[in-house]
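Heads up: the sequence shown is residues 0 to 1259, going by numbering that gives the first Met the number 0.
To be clear, the hints were calculated from the coordinates, so they are not data collected in a lab.
Certain hints may be false.
Taking lysine-lysine and the DSSO-like style, the derived pairs with C-alpha atoms no more than 30 Å apart in a straight line are [stated by the list, open to error]:
1) K1027 <-> K906
2) K664 <-> K1148
3) K1200 <-> K1215
4) K1126 <-> K906
5) K134 <-> K75
FRET-style restraints, in silico, Cβ to Cβ [what the hints assert, rightly or not]:
6) L1140 <-> E581: 38 to 44 Å
7) Q676 <-> E1239: 54 to 60 Å
8) G493 <-> E384: 19 to 25 Å
9) G121 <-> A856: 55 to 61 Å
10) L1140 <-> A733: 54 to 60 Å
11) G121 <-> T488: 45 to 51 Å
12) S683 <-> G465: 52 to 58 Å
13) T791 <-> L1140: 31 to 37 Å
14) D781 <-> N1201: 44 to 50 Å
15) V591 <-> A733: 36 to 42 Å
16) A1224 <-> T1046: 56 to 62 Å
17) G366 <-> T488: 41 to 47 Å
Glycine is no exception: its CB is placed at the ideal position from the N, C-alpha and C atoms.
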Amino acid sequence: MNIRKIISGITAAVCCTGIISCVPALNTQTFAETAVWNDFESNYDGWYGSADTVQFLAEDGAGFEGSRGMKISGRKSASEGAVSSKGFYIEGGKSYNYSMKVYSETNETFRVNLLVIDAKTGKETVTELVSENVKSGQWTELSADYTAPENSYEFRITITTDSTNDFSFDNVKITSEEKSADVYAASSDIGLKDVYGKYFRVGNILNGGTVQNSTITASMLKDYNSIECENETKPDATMVQSQCSGTNIAVSINSAASIMDFCVRNNLPMRGHTLVWHSQTPLWFFKDGYNASGAWASEATMDARMESYMKNLFALIEKQYPDLDLYAYDVANECISDDSNRTANHGGTREPGENISGQSPWVQVYGDNSFVEKAFTLARKYAPEGCALYYNDYNEYWDHKRDAIYSMCKSLYDKGLLDGIGMQSHINANYDGFSGVAAYTTALKKYASIGCDVQITELDITRENGTYTDAQQAEKYKAIFKAAMDINTGSYAGKVTAVCVWGPNDANTWIKTENAPLLYDTDHKPKTAYNELMDMVPESDWVIGGYEGGGSTVIEPNKYGWYFQDGFEGDLCSWGERGSAEIMTSGRTAYVGDEALLVQNRESAWNGAIKTLNRAFAAGEEYSFSANVMYFDGDATDTFYMKLQYVDAEGETQYSTIAEATAVKGEWVQLKNTNYQIPSDASSMQIYIETAETTNNFYIDEVIGAVGGVTIVGAGGGDRIVKGDVNADGKINAFDLVAAKRVVMKLSDSSSAMLAADVDENGTADASDVEQIRDFLLGKIDIFTIAEKPVTVVDTVKMDALFSDITIASSYKKEGENNPLYTQRFGADPGVMEYNGRVYVYTTNDVIEYDENGNAAENTYALVNKINCISSDDMVNWTDHGAIPVAGTNGIAKWATCSWAPAAAHKTINGKEKFFLYFCNGGNGVSVLTADSPTGPWTDPLGKGLITRSTPNCANVTWLFDPAVFVDDDGAGYLYFGGGVPEGKDADPGTARVVKLGDDMISLAGDPVTFNPPYLFEDSGMNKIGDKYYYTYCSNWNTKGNSLGMTSGAIEYMVADDPMGPFTYGGELFKNQGTFFGCYGNNHHSIVEFKNQLYLFYHSRPVEAAMGIEGNYRSPQADKITMNGEKISSVTGTMKGIAQLKTMSPYDKIQAETMSDQAGINVSGLGNTVVTEIDKGDWIKASGVSFAKGCETLTVNASSKNGAVIKVCTGSPTGKAIGYVEVPAGGMSELRTAVSSVDETQDVYFVFSGQLEFDWWYFS
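Go ahead and model the full structure; you've got the sequences and the hints to work with.
So this is what it looks like as structure tokens:
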């Protein structure tokens, strides 16, 4: 659309019936020649899709002459299209010309209809203004003249075509031949907003009907500078049940479109109402499967749904109405009970249950009001800048309820989550009594004393059907306004930022007309209360245009310069869990007070505790941070980090180190940085605490964020321990020799000094250490000699006897078999990537499902929400990097339901290697995670799918899944996906798609293109071999009689000269795996070139067969590919698999989870994994270990709860023992034992006598 400066006027609409009771029109007609001009250059101008499925997007380049235009897609029927009501701008009885530009890629018959409503009878009339055939690829103007009957209102325009194809439109224009003064109706008159402009905003509400009434909207422009939707932004009006999936909540602001458009066009700020409420929130939102009759959803599920709802709603408002001044929002509404017993004994929570008579589904799920803080935390994360966050409630002046609201809101305010309290103020005209001025003023002062803002949000003062007089009502209105003014001129100056009335007139009130609660009567004439309010402030105090505050307030530091102080005294202080870690407050130790935050059950070093920073912390500014940490178990020292996680200007998740410290076991250490500058492009900022390498439990206490430069007293320490620098002054000199002697003589109890004095690292400071420090100072030595760790000599006779009684567990693989690649978990749909001399294989983490009798059931894939990662440099010994939690409430992409069929790639972007993991969220889209290493940690850069049903040319793909990613030699990325067979289209399904990716690999550089692999079923693959591009896929199950020689469920290939085709069928490279192994099923593959050889990775079902079950639980396998010129020779599936490409060196530290076979064990953790779930008789195997230098000792890192023994043998699990390792009861420890010498290449087995965990090993 072209950007044009237009003059917009307000028309006089006639009286409305139904939701809008009869009110007189303005005396003066106030429309301009151009009544409507919608060019979509900034906002959506009141337009929306007529059905929930309709995708409605204002897109640059999609408009007339390459401008920004409105594109419509996702239509399920021809009657669906674009809609907008224009009754605010035009009126009945006048002739208007309606015109617009339309466009489609196909020949279409466009129709433009106009619906008007008769104000007297309520009858709806639909008139077809235009029906015109429009040629494809051409912008065409549609135009018609029409005069609607007098007394018409609404003027709802609908644009459709006779098909469901996509179309675009632009430059909607409605003009009248009559001219009038270019004015805004009544906007130049003095109103309430001007009279009280010195003190606060004055606001009111609109709904979908009243916004069409020019008499009402004219007074809105005169009196108010805050508008709120009566119902149109509540959850039941903004949630779209049919489009919700997983934990992703689909949203719509169609109901609010005309009101938002009115606010934008007239520069009226808006209050949002409301996000979290027990009422007017659909019951299905709280239930499993979004089924109102289903079971209640879990707390974790509701956490994810709540986040999705807020994130999506705020994003949609920003997208459709970026010019809307959304200055405040009621985050949570009416969460405190009226019941004094519940405010006294239950923290004020409502009764749990379905909202039949005030019960709260939120409390039903969470058990209490803990969801309120979560709601504010999320709203703070996603609300637009300058939008103040409010808690809103009624009966807020009732003493017991008032105190409960105060307590909850003070806590939220102190945490930087809440900006203000909304006093609904539905009261009667009695000056005294229950809702009298005294009780009301007391509550107002109490809320203001918190330090937050206060807004009167829903003011109406009922006369209770004549019980109170017009004069009494006026006195009460004046008293409320006066109380607010007094707050602002008293000790809580400026804290009341808005007084908002709940309804335009007595004809439009929620508490019935006979109660006459508002400032205008049923004929929209000012009442006594209005007139006396207008007279209450001297003209010298008026502010023409009104008050402009009331938005998000600045968070000030306390008197110490601190923005927050987290002491964890029975409170998590808004800290959360990062990765698999679990957190809780603990009284075992504390730096200050009685409790600290315990971080436990960590599977990787990056698992820890995390806290979202509030808006006091701004990008580009300097701050002071401090935290104290301590641990009890593990090595003598450990390295801790405090880091910042944030999103940069490119939308990438980044990490920055704030502070680093080395802790001594059992002692508190301070992480601190007095002048840390937050990156200038940072948003969504969170601080977190982790370790460098270990997974020990640890404690956090007294975490403070403060003004830059502020010194925060803490535990101190944290410097890296330097051997020999005993007094930690940064130098090794005679003073250190003295200090070392004091340590040896037990005259110093400093753990740091003892560690620095122990220069030979034998675990104790003794005379030999003092001697080495002396020789260093004399110049006799220039490095300290490290003592060899003591070698344990075991009683081999005793050990042999111990293992003679142990039954050795059986492997799922036979001797000599290298397939499947691993057996400790299932793994399907292998996606393979080569990087830095290793092959990385990512697989769908099949999980056994069970029936009601506990028997293994058929795999439905519904439980699959993780992706396995393994890697190898020799194709036989595979390192298990763990199962990546991708989807679900504990996943990285919490909005996704499941994670199938991974595909991986890496690419250098801006000089930095980035890794991309694509997966499908069931059969309805492709998503992507990103990382800085092939093993993570992974992040969700988009927060939604990359390919969805709304992606162009994807709505009708049967199975929108099975991605393959390919990075060409020039760095360009391509994504291949799709599958499924439409009925009757076995030979040519037409469901394959290819799209070029953006340079960032997480966006699309164009629309997906259809190509046509014959007999496609699923499973895309792409490789460049030589100078040709090979697309590979799985054929469907109905290939009988084809002319290409294809078989069913096989891997086929096609060849092209360009990665996007066209492709020519090349042949069949791998028959269905059932041909080789007897278990038929879907065939899914990847091809990788590694060390100048091509390999085929696929899945089969040998492990489930060995387990004695049959449920389509799959395991990854690999075999070699050979080429015959440009032809791929047919591959035979084998259990032998790939021969080992290189030997393993036993002199390097080998992770225990690197193995070629195993029996009984599992692997836990992510990234930094360990072999676990070890029992008596279990074992692991490392193949092809080359003892070219012989061996004398074996060092392992292992732990056992009760003590256990590791037998090390060669040849087989029952082979000759070359040594034993006794693992004592306790934590993970490094153990060294003597072994018999081996001087040739051997397969090494580690056999276990009982429960333990095994981390790594190496021979010397």
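Quick rundown of the hints versus the structure:
1. Restraint check for K1027 and K906: satisfied, since their Cα atoms lie roughly 21 Å apart, inside the 30 Å limit.
2. For the hint pairing K664 with K1148, the CA-to-CA distance comes to about 24 Å; that is within 30 Å, so the pair holds.
3. This hinted pair checks out: K1200 and K1215 have alpha carbons roughly 27 Å apart, not beyond 30 Å.
4. With a C-alpha separation of about 28 Å, the suggested pairing of K1126 with K906 holds against the 30 Å cut-off.
5. The suggested pairing of K134 with K75 holds, with an alpha-carbon distance near 22 Å, which does not exceed 30 Å.
6. Look at L1140 against E581: about 41 Å separates their beta carbons, and that is inside 38 to 44 Å.
7. In this structure the hint that Q676 and E1239 lie 54 to 60 Å apart at CB holds, the actual value being about 58 Å.
8. Separated by about 20 Å at the C-beta atoms, G493 and E384 satisfy the suggested range of 19 to 25 Å.
9. Restraint check, G121 to A856: a C-beta distance of roughly 57 Å satisfies the suggested window 55 to 61 Å.
10. For L1140 paired with A733, a C-beta distance near 56 Å keeps the hint of 54 to 60 Å intact.
11. In this structure, G121 and T488 meet the distance hint of 45 to 51 Å, their C-beta atoms being roughly 49 Å apart.
12. A beta carbon spacing of about 55 Å between S683 and G465 agrees with the range 52 to 58 Å that was offered as a hint.
13. The given range of 31 to 37 Å is respected by T791 and L1140, whose C-beta atoms sit roughly 35 Å from each other.
14. Separation of D781 from N1201 is about 46 Å and conforms to the stated range, judged on CB atoms against 44 to 50 Å.
15. Remark: the range hint 36 to 42 Å for V591 to A733 is upheld by a beta-carbon distance near 38 Å.
16. As the Cβ distance of A1224 to T1046 is approximately 58 Å, the hint placing it in 56 to 62 Å holds.
17. Roughly 44 Å separates the CB atoms of G366 and T488, a value that falls within the hinted 41 to 47 Å.
The structure is consistent with each of the numbered hints, conforming to all of them.
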